[in-house]
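Student: Could you slot chain B onto chain A? The hints should help.
Number of protein chains: 2
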Amino acid sequence: MPVFLDTREPDFEIDFARLLGAKREDSPDVDDTVAAIIADVRARGDAAVLDLTRRFDRLDLTADRLAFTPAEIAEECARVPAAERAALETAAERIRAYHVRQMPENARWTDPDGATLGWRWTPVAAAGLYVPGGLASYPSSVLMNAIPAKVAGVERLCIAVPTPDGVVNPLVLLAARIAGVDEIYRMGGAQAIAALAYGTETVAPVDKITGPGNAFVAAAKRRVFGKVGIDMIAGPSEILVIADGDNDPEFIALDLLSQAEHDESAQAILLTPDADFGRAVAAEVERLLQVLERRAIAAASWRDFGAIVVTRDLAEAAALSDRVAPEHLELCVADPEALAARIRHAGAIFLGQWTPEAIGDYVGGPNHVLPTARSARFSSGLSVLDFLKRTTLAQMSPAALRAIGPAAEVLARSESLQAHGLSVTARLRKLNG
Amino acid sequence: MPVFLDTREPDFEIDFARLLGAKREDSPDVDDTVAAIIADVRARGDAAVLDLTRRFDRLDLTADRLAFTPAEIAEECARVPAAERAALETAAERIRAYHVRQMPENARWTDPDGATLGWRWTPVAAAGLYVPGGLASYPSSVLMNAIPAKVAGVERLCIAVPTPDGVVNPLVLLAARIAGVDEIYRMGGAQAIAALAYGTETVAPVDKITGPGNAFVAAAKRRVFGKVGIDMIAGPSEILVIADGDNDPEFIALDLLSQAEHDESAQAILLTPDADFGRAVAAEVERLLQVLERRAIAAASWRDFGAIVVTRDLAEAAALSDRVAPEHLELCVADPEALAARIRHAGAIFLGQWTPEAIGDYVGGPNHVLPTARSARFSSGLSVLDFLKRTTLAQMSPAALRAIGPAAEVLARSESLQAHGLSVTARLRKLNG
Numbered sequence: 001m002p003v004f005l006d007t008r009e010p011d012f013e014i015d016f017a018r019l020l021g022a023k024r025e026d027s028p029d030v031d032d033t034v035a036a037i038i039a040d041v042r043a044r045g046d047a048a049v050l051d052l053t054r055r056f057d058r059l060d061l062t063a064d065r066l067a068f069t070p071a072e073i074a075e076e077c078a079r080v081p082a083a084e085r086a087a088l089e090t091a092a093e094r095i096r097a098y099h100v101r102q103m104p105e106n107a108r109w110t111d112p113d114g115a116t117l118g119w120r121w122t123p124v125a126a127a128g129l130y131v132p133g134g135l136a137s138y139p140s141s142v143l144m145n146a147i148p149a150k151v152a153g154v155e156r157l158c159i160a161v162p163t164p165d166g167v168v169n170p171l172v173l174l175a176a177r178i179a180g181v182d183e184i185y186r187m188g189g190a191q192a193i194a195a196l197a198y199g200t201e202t203v204a205p206v207d208k209i210t211g212p213g214n215a216f217v218a219a220a221k222r223r224v225f226g227k228v229g230i231d232m233i234a235g236p237s238e239i240l241v242i243a244d245g246d247n248d249p250e251f252i253a254l255d256l257l258s259q260a261e262h263d264e265s266a267q268a269i270l271l272t273p274d275a276d277f278g279r280a281v282a283a284e285v286e287r288l289l290q291v292l293e294r295r296a297i298a299a300a301s302w303r304d305f306g307a308i309v310v311t312r313d314l315a316e317a318a319a320l321s322d323r324v325a326p327e328h329l330e331l332c333v334a335d336p337e338a339l340a341a342r343i344r345h346a347g348a349i350f351l352g353q354w355t356p357e358a359i360g361d362y363v364g365g366p367n368h369v370l371p372t373a374r375s376a377r378f379s380s381g382l383s384v385l386d387f388l389k390r391t392t393l394a395q396m397s398p399a400a401l402r403a404i405g406p407a408a409e410v411l412a413r414s415e416s417l418q419a420h421g422l423s424v425t426a427r428l429r430k431l432n433g
Numbered sequence: 001m002p003v004f005l006d007t008r009e010p011d012f013e014i015d016f017a018r019l020l021g022a023k024r025e026d027s028p029d030v031d032d033t034v035a036a037i038i039a040d041v042r043a044r045g046d047a048a049v050l051d052l053t054r055r056f057d058r059l060d061l062t063a064d065r066l067a068f069t070p071a072e073i074a075e076e077c078a079r080v081p082a083a084e085r086a087a088l089e090t091a092a093e094r095i096r097a098y099h100v101r102q103m104p105e106n107a108r109w110t111d112p113d114g115a116t117l118g119w120r121w122t123p124v125a126a127a128g129l130y131v132p133g134g135l136a137s138y139p140s141s142v143l144m145n146a147i148p149a150k151v152a153g154v155e156r157l158c159i160a161v162p163t164p165d166g167v168v169n170p171l172v173l174l175a176a177r178i179a180g181v182d183e184i185y186r187m188g189g190a191q192a193i194a195a196l197a198y199g200t201e202t203v204a205p206v207d208k209i210t211g212p213g214n215a216f217v218a219a220a221k222r223r224v225f226g227k228v229g230i231d232m233i234a235g236p237s238e239i240l241v242i243a244d245g246d247n248d249p250e251f252i253a254l255d256l257l258s259q260a261e262h263d264e265s266a267q268a269i270l271l272t273p274d275a276d277f278g279r280a281v282a283a284e285v286e287r288l289l290q291v292l293e294r295r296a297i298a299a300a301s302w303r304d305f306g307a308i309v310v311t312r313d314l315a316e317a318a319a320l321s322d323r324v325a326p327e328h329l330e331l332c333v334a335d336p337e338a339l340a341a342r343i344r345h346a347g348a349i350f351l352g353q354w355t356p357e358a359i360g361d362y363v364g365g366p367n368h369v370l371p372t373a374r375s376a377r378f379s380s381g382l383s384v385l386d387f388l389k390r391t392t393l394a395q396m397s398p399a400a401l402r403a404i405g406p407a408a409e410v411l412a413r414s415e416s417l418q419a420h421g422l423s424v425t426a427r428l429r430k431l432n433g
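Those protein sequence lines, which keep their order, are chains A and B.
When we follow the working numbering, the leftmost residue of the first sequence carries the number 1, and every step to the right adds one.
When we follow the working numbering, the leftmost residue of the second sequence carries the number 1, and every step to the right adds one.
Simulated from the structure, these hints should not be mistaken for laboratory data.
Keep in mind that a hint or two might mislead.
Looking from chain A toward chain B, a few residues come up when the C-beta cut is under 10 angstroms (computed) [claimed, not checked]: (1) 261; (2) 404; (3) 412.
Stretch-level coverage of chain B by chain A, calculated; a stretch enters the list once three of its residues show a Cβ under 8 angstroms from a Cβ in chain A [stated by the list, open to error]: (4) 223–236; (5) 337–351.
Just so it is clear, CB atoms sit at the ideal spot from N, CA and C, and this is done for glycine as well.
Excised from the complex, chain A in its bound form (with noise of 0.2 angstroms):
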């Protein structure tokens, strides 16, 4: 049973800070396997990774096969039913589209001072794209963390994706293709990582990995952290929900499942100044678990994180919501505009009625690779940032620097880093002189 809770109890504080608080993820500690087998990598290479294949995913392969051939890439795609081909490419366009109005601009300019000023952006040069095998090989995610890539400009993007039993999902292939993906590996877990990080005699090293994945695939990438870049560690997902007593029980209670199916500790939390509202979702989840195809772990996520909250009014639920910086946050309200005003953290705000979290996760265009567990409040969904880099600029006219050397010798004086001070100094002598 979910948590039915409201804001008016005199023990709603406790209740909700249990929520908040509530422990989702017991990730199992790996991390002494996985430095044997980042080491194990380092140390062997490609003889290491096709050891671990034969291992984890029952795969025999030769270096030579590591990597998918262009027909191997293309013979997988034909697979693909025209509809899911269609829908992919509409995903991939509308992606696009968004993430193209996100590419920072430049600047240079001059200051009263005569300095001038800048930077400029550059993309990654190599950048590699975890995707997991199995049931959690998701296409979307594909085209999630390939597109934003590509419109940085990324010249060298590479996926590996482990095929345990030599089985891929071809729309996962057909993503790679239509995002522009150049390399595809079949190899997975901690040994994919350490790959993509260190190199091996087949794969060469990339600058940044994105992606999600297992205990191990986390675990490799805190550990490789420093030498490339990584996205975030993704935790289980979460919606929360907003809306008012106007609005149809059913869409509301899908909403909620569609994030509870994903993983039983996915968090579902729907807000709602009317509590007859509340009991028709509640009544609506209840009818929805018994028949959904994903209802066990649905049900499972639902009944040890859903809730739902029936509060004083609409700004009470934005603030509550922003104590819970909800990765997904849907505000089905009569003003959508002027409650997302109210809200400071969340990682993504789907606006209306009509606009569904599932949009997002596909054919929205925003990205739907975001901040769970509570981390919006201090970072932000993928972005073509994330494969970009910025280098600031600077030059000093001789005007500027007789301007503002002196300045920069009295702090390095007290720094006591003479030598920083006698490089002004130096140089204001012969300017000066």
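Tutor: Just chain B, lined up with the frame of chain A:
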């Protein structure tokens, strides 16, 4: 003796690879100690912080004395001589003017399908800045971390600074006051990071922690990452200078030594197409190493990690520089703009002979917190973006949902996420029926 290399020598590739791969940092493994300290602070709050402060900083505080009072801050600030005060204010003003320009734009548009899309930037609510105590307690770093946070709109900005034996650098407090820091705590090490991340009775938790620190601080930041955001884990400083023969060898020698004097693990490299100029700089470095105050440190850095590389031309120098991806890059050549256009990986570029790197450390305007250890391949210096996060926005009109909803249904089905699909189907049924 620094390495004096020539790209035309047969062993150049081997020597350069050795230079690139040199392990410059040998951090002690303090992870277990740090884990215990964090657990202690989480369990005992203030009491743990006070115990650890007694132990490590030989300072006996009570909880009500953890924070500096406004009167204490004013008293310390009053000790700062006028020249230092004026220099800090000049620096702050220039850093603020640069970072204000980094503020990103919000966006909102409606696309041809009738989907209204966009994004919105909001500041992190509370940030903590770690400032090392003792000799490495740099007021310039306070400005470089605190000003972007305040420009971004962070409402609550705290500093943690250890005060061993009760001693604090008045310039640090003045820099904090100039930058608009809200709270300053007398605490350091892993216990300070734990207090900022998890909070204690006295210290409210923050959402993001930035700033440099020793091995304990770095390990603690890695551990609390996820609970809060962190900036990069900085390694030892680096400079790479590309200079033609038309430079004053003393300028270039001082620029190289201004990194070398930071740290025995710092690295300074000169690339020049003019072998005679390279030798002249080497001689200047040797001369300066006899007289500089920090000559022991600078000499060790130069001996172990310094290099002068004679290149065929400037283009080859630019290509080598990209392989280093230096934190700081000086282009002391006749046409620095043209050379900068050839560079892809660098934290900060200083153009022309009148722009010593030390200007950038203090008063140039761009941030001096920059990616080290070749991480300029995939990351950027500190900016206002480190204190902002982006929420994506999407609103479907009924027409938009009719146009793109079916593609979402197809993709949800292909990923076996039935509730995702139904959340769209139910709405389309209502719209179409």
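Student: Between the region 337–351 of chain B and chain A, see if three or more residues pass the 8 angstroms beta-carbon test, and mark the coverage as holds or violated.
Tutor: holds (count 10)
Student: Taking the least C-beta to C-beta distance, is residue 412 of chain A closer than 10 angstroms to chain B?
Tutor: Nearest chain B Cβ about 6 angstroms off; hint holds.
Student: Is the coverage entry for the region 223–236 of chain B by chain A consistent with the three-residue Cβ rule at 8 angstroms?
Tutor: holds (count 4)
Student: Does residue 404 of chain A pass the interface check with chain B, least Cβ-Cβ distance below 10 angstroms?
Tutor: holds (5 angstroms)
Student: Close enough to count: is the Cβ of residue 261 of chain A nearer than 10 angstroms to one in chain B?
Tutor: OK, holds: residue 261 of chain A within 10 angstroms of chain B, min 5 angstroms.
Checked against the numbered hints above, the structure breaks none of them.
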